[in-house]
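Please construct the entire structure, taking both the sequences and the accompanying hints into account.
Taken in sequence, the protein lines are chains A and B. Heads up, the first sequence is in this note's numbering, so the first residue is 1 and it goes up one at a time. Heads up, the second sequence is in this note's numbering, so the first residue is 1 and it goes up one at a time.
Among the hints, erroneous ones may be present.
Here's a subset of chain A near chain B, in silico, CB distances under 10 Å, partners left out [claimed, not checked]:
#1 N613
#2 I614
#3 R615
#4 A618
#5 A619
#6 A622
#7 A625
Since the hints were derived computationally from the structure, they do not count as laboratory data. Yeah, the Cβ is synthetic: ideal placement off N, Cα and C, and Gly gets one too.
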Amino acid sequence: MNVHLNLWLIPLLPFAGFLINGLLGRRLPKALVSTIALLAPLAAFGVVLNAGFLQYVHVNPGFGDLPLPYVETCPIGWINISTLHIDFSFVLDQLSLVMLLVITGVGFLIHVYSVGYMAHDEGYARYFAYLNLFLFFMTTLVLAGNALLMFVGWEGVGLASYLLIGFWFNKTTAADAGKKAFIVNRIGDFGFLIGMFLLLANFGTLTFSEIATKLGQDADWTGGVITVIALCLLLGATGKSAQLPLYIWLPDAMEGPTPVSALIHAATMVTAGVYMIARNHVLFAHSPFALSTVAVVGGATALFAATIALVQTDIKRVLAYSTISQLGYMFLGCGVAAYSAAVFHLMTHAFFKALLFLAAGSVIHGMGGEQDMRKMGGLRTKLPVTFWTMTAGVIAIAGIFPFAGFFSKDAILYAAYTQGTAGKVLWFVGLLTALLTAFYMARLWYLTFFGETRSHDAHPHESPWSMLGPLVILAILSVVGGWIGIERFGAFLAPATGPRAVETGNGTLEIALSVIAVAVAVIGWYFADRLYRQNPERPKELATAYPSGYKILANKYYVDEFYGATVVRPIMIFSTYFLGWVVDKAILGGLAWLLGGIAVFCGALLQRWQSGNIRSYAAWLAAGAAAVLLFVFIPWTSVLANFGIHLTLAGQ
Amino acid sequence: MNSLLSQEVPLEFYLILSALLFALGIVGFLIKRNLISVFMSIELMLNAVNLSFVTFAHQWHAVKGQIFVFFVMMVAAAEAAVGLAIIIAVFRSRATLAVDRIDLMKL
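Here it is as structure tokens:
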């Protein structure tokens, strides 16, 4: 191996940006802050592109050589305890290459967008410091060659997410949302940790390649402890990727700035769970039960979140539930062992969902901070660039040919359909979700851009080009991003995620399924058109006609309330009464009071000696001297002898 | 008369006198309120000790004890100079010499 990719630069450049902007940012001029913040991801993107180029010329020989996976290990070890060796090792393979391209590429675009979006914010430097910090941890997570290093990145992105959700910490809702995201993620992290411990106990290593080797040597080893490990990892993934039952933090995370929602809570961080499952696909391959659990969780989440998205009125919340739903698609893809399709959807989703969030941010920016779609409308002519780019995103997510979402969604649905009866059920759930997706996205589109303006005190204006530029680039990617096709993409990923499970090459079936999917999307769009463009009063009539159904959806199935009553309240009661009153106040407080009381009591006794009166000191001194004299002159031996005690010196 | 003069005073008498003087000094130090009296009591204690030194030096025919007495006297003289100066300074600043009134470092 004679190529040096300097992978370590990819995380450390954003980290340097974080240090500079975090420590000195407040004293630096804004232009310098943005330059540093933009250069860091751009340079990292350059390093990734270089690696991608070398890989390309490797696949097409005659230009150079980069065999993947390429490993870079820090010469200084990390943990060395008897047989346990954990290093700082970065691994670049096809999977991490795709992820890195998305993270640094989309990440850079969102940084550019943020320059315009956050221009008037007081915490400008702090914002970019956090954003760079996020890129540092996210690239660490993706590049990590072992589960522990991945966990470092995993926790780090959680931290960055927490900091950015609560970026406007003066707002109680934002601060609470940050805490909620962090705490819910802790539950998932608990699963990840247990999974790692079990891996260590059963494999003696956390390095992904060594685990794969050990599993490869023992093909019959399925189920049992591997199922437990895989389910623990799945719990971790549901936390980070906002799947049932731990999805509740993501809608609240919309309290953060919109570019953050685009980068962290749509394009990159929330896909970490999908990435983690794809990274550990060997483990899941040895546990059919865990794999089908992944598929069920994904399918259920996709449908569940899509139904909630139908009635949300906050533009960002619609997109948040849509993100949860699309992540469900990716899990569904992982669950039917179509990892390449899942990662394909991850990539296209990163394009169009980042686009949708940024466009929504542009709308919110133009409306002066208004997020309620009921107060928008008629923005098509006032925000033309935003309108056209968002249209590309809406069509892409609806899955209409030939936009990016069509190809990836189709790949997942096809993979599900070919997986037997259960697969056909999942395919149907996915199809239903696609219908709902097309409906609620078209609803968002119509409510925002069509009809009459419903807010008269806002003066919508188009955003600056620093914001529109990224929108245009992402819109182009949302159109062409899928054209590479699942065959070529799957073949490229095959060395990292295993060969595609479905290579039946049943052309007619594939085409038939695609036609059905597109038809369903068009039907969904048509309903939205009927309801929100042609007859804007009809949705309200429907809501009043079916009040119970509408209420359940509008209140998000009362899941937050349910968790509040079953988890949060018992914990609060336990904490307040048992931990707070019994343990803290009675036991700990009582002990502290007792110790203090003893000290005070002794002090009160001894205090009388320390009168501050010199004569009393002198008197004590004299009395002491007299006592010593007496002690010396009393013939103790004979006195004690009177009492029958005979002292002898030691040794005599 | 002659026999009385030639007869040496016994050692114990000197020691008892020394102890009495020392005890008087302590008592004076403890009960007197006037700073100068306290000071004089200290001198009394020092001289009581001097007396025992000389007594023992005479008894054992050792000159060291007598030399020590000179040391003590020298230190006492120096102490008297410094101590009286302090007493004057105290009296000037507080207009009193009652020891139980002078129990604060700061004014």
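Tested hints:
no.: 1; hint: N613; result: holds, 7 Å
no.: 2; hint: I614; result: holds, 7 Å
no.: 3; hint: R615; result: holds, 6 Å
no.: 4; hint: A618; result: holds, 6 Å
no.: 5; hint: A619; result: holds, 5 Å
no.: 6; hint: A622; result: holds, 5 Å
no.: 7; hint: A625; result: holds, 9 Å
Of the numbered hints stated above, none is contradicted by the structure.
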